[in-house]
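Chemist: Sequence:
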Amino acid sequence: MGKRKSEAFDRRQKKARSESDELLTGGVFIKNRHNNNSEDDTEHDYELTPRTLNVETGVDALPIKRAGKVERVVRETKPKEESDHESDAEPFNEPEEPKNQDAEPDSDDELTPMEKLQKIKAEVAQYASSLMEDPEENIENLGKLRKLTESDNIATSQLAILALIPVFKSLAPAYKIRPLTEAEQRERVGKEIARLRKFEQNLVVNYRDYITLLTRLARVSASNSQNSHKVTPQQVRLGEIATKAACELCLSSLRFFNYRDELFTIPIRRLNRKPTVASDLEVFTRCLRALETLLKEDRDHGSITFDVTRIMCKVIRDKKFRVDEAVVNVFLSLSLLDDYDPNNNKGEEVQKIKKKNRVHLSKKQKKMRKELKEIDEEMRKAEQTVTAEERERFQSQTLKHVLTLYLEILKAGSLEIDENSTAKLLTAAVMEGLSRFGQMSNFDLLGDFLVVLKETMSNIVQERTLQTTNYGIVSDNDDDESGGVFSAQDVRKLLLCITAAFTLVLNHGEIGRLPISFDLLTFVSTLYTVLADISISPDLEFSHKSLRLADPLSFSGEVEKPAVNVSTNAELLLKSLDMVFFRSRNGSVARAMPFTKRLYLASLHAPEKTTIASLKFVAKLINKYGNALKGLWSTEENISGEGNYILGYEKTGMEVDLERSNVGSAVLWENVLLDKHYSSVIKDGSRSLMKNSKDTNAKR
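Read left to right, the sequence shown gives residues 9 to 708 (our numbering).
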């Protein structure tokens, strides 16, 4: 019975379900749904609206106890702005950005060239000003501005390169930023430190790319691209701008910043032979002045001097000495200590304190003292203070590079035959450097320098000699008009060789490092040979810095400026004579007599100041050697029949020789002519020497 009732109930339910399905498929309720459409939409929108909960926005702070009760303290926080919701929806708007970017070129194409230039200037100025105002906040603009330097548009690249100069000069510190270690990268730091690290990292990376770009652009110059059709004038202009930018950065605080070797290499690479193009010559001169300023201003540190010298020596060797002598003269601007001793390898001995006089320290005090020493060392490195030992170390390495380069140039010049060879053209500049830095040279280089100086001097003398291998003497029809006569440039080279040789020997002899004394007879004989040629030189008392009119008969319109040293030939002559007779052991009566006679002969042709200085030097010789020289003023002792005094000009092809001059038969007849000189000072000096010699002879 129960089973039947349940089956009947199931049938009724199934029938009712099928009837309701038929009503739905028949569209009975469609009309009612359309009538209630607006109400359903409202309900649907309400369901999708986010619910707002009344959640407390406060943050619990420390409770306060008042009147024996603990009160809760809630600190309110600012609600989030609607911009957060808008930022979440921003990714959906990103696909629209390319449309705007595509539209920009169309707008640029419609602009005139002047309007485009103004737009580029405004963009570059905006980036630069934002970096100057708040560099840490706008550090991304540094990368954007640096990318503009690589633009294909020449104007954009030029403006960006020039705009980055003041930006880097103001942002970069005067010290190197070291890279972070792995441990420092893993550690958690605060927001300020993380922000600073990001700024420094971006600064170093962009500065590195900027220097790399300048290096690449500076390789193009007007001189090395004259025969190349691939190089455009715009690229040459960019190369000049890049080199000038590097020179300006070298003279700023960036000389202490990262990648300074790469920065110094840019102007050094431009130093080749003297360019003929005006724009290239201006860049060449600016590079020279920048390097000279770097060397002059580095008096206290020495590391910059060492880096510049090391790079310059390497570049000059790579170019096989094919550089202008002004490049070698840059080394004359070195700021070196005059009292530096390169052979003093022993440090100051620290006096040990006896055990009984030592202060007793506990382990804790010793540990604390050790920590303080480490802190002081770190602070000293941070402040870039340089000790005397470090300064001498930099100086010794700098001198080693410079003197080794000088020696290599002299050796290469002595092996070359052509007078216009690359190494021979640098001989005068090397002599200038040796006369200045020779006193600080190392003892190990002394022998090599003396050999090379003798070879250099012998080559100059042999080129001007009257002797020939074919006939013994030069014939009258020989085309060589320079035989036996030394030009002003040759005389200066010879004087510099003599001065450098004596400077090298005297420096080591005074300190007592030479076991024997050197007899520099070759240098003394050469000095005697060129005395007459020195006196007839019109530029005897002038250097290249002296203000005077150019020679109208000269083939070249420009005045030659081979020397940076302002010493004139007259000053070099007196310096050489002083070294021979008063500062070394090479002076003797046998050598003083021919030099006295030769100086009187030279005084007849030399200018007034040189003649006065020569007479004063003769007076010093008389005071040193006494009566042995005063016989030159008397004819009584010379009537001995031993022959005549040989000047060296009596016969064709005769050479001036110190040993064969027969000075014992010489008489100073030049006093008669000097007594009639137009200068009263010279008259008085000549008469004074004559009077002293007569008084001495009368006392006998």
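Take these hints with a grain of salt, some might be off.
Claimed, not checked - The list that follows gives simulated cross-link-like pairs (lysine to aspartate or glutamate, EDC-like), each with its CA atoms no further than 16 Å apart:
no., residue 1, residue 2
1, K684, E579
2, K322, E416
3, K177, E141
4, K124, E141
5, K624, E667
6, K206, E131
7, K624, D586
8, K184, D269
9, K699, D683
10, K419, E463
11, K699, E667
12, K617, E667
13, K206, E192
In case anyone wonders, no lab produced these hints; they're calculated from the structure.
Chemist: With reference to the structure, classify each hint as holding or not holding.
Modeler: Checked hints:
A C-alpha spacing of about 26 Å is found between K684 and E579, which places the hinted pair above 16 Å, so the restraint is violated. A C-alpha spacing of about 12 Å is found between K322 and E416, which places the hinted pair at or below 16 Å, so the restraint holds. Of the pairs offered as hints, the one joining K177 and E141 holds, with about 14 Å between alpha carbons and a cut-off of 16 Å not exceeded. For the hint linking K124 to E141, the alpha-carbon distance of about 26 Å lies beyond 16 Å, and the restraint is violated.
This hinted pair does not check out: K624 and E667 have alpha carbons roughly 25 Å apart, beyond 16 Å. Of the supplied pair hints, the one linking K206 and E131 is violated, its CA atoms being roughly 24 Å apart against a limit of 16 Å. Between K624 and D586 the CA atoms are separated by roughly 12 Å; this keeps the pair inside 16 Å, and the hint holds. For a cut-off of 16 Å, the pair hint linking K184 to D269 stands: about 12 Å separates their Cα positions.
Between K699 and D683 the CA atoms are separated by roughly 12 Å; this keeps the pair inside 16 Å, and the hint holds. For the given pair, K419 sits about 9 Å from E463 by alpha-carbon distance, which is consistent with the 16 Å threshold. Of the pairs offered as hints, the one joining K699 and E667 is violated, with about 29 Å between alpha carbons and a cut-off of 16 Å exceeded. With a C-alpha separation of about 29 Å, the suggested pairing of K617 with E667 is violated against the 16 Å cut-off.
At roughly 13 Å between alpha-carbon atoms, K206 and E192 fall within 16 Å of each other, so this suggested pair holds.
Consistency with the previously given hints fails for numbers 1, 4, 5, 6, 11, 12, ordered from lowest to highest.
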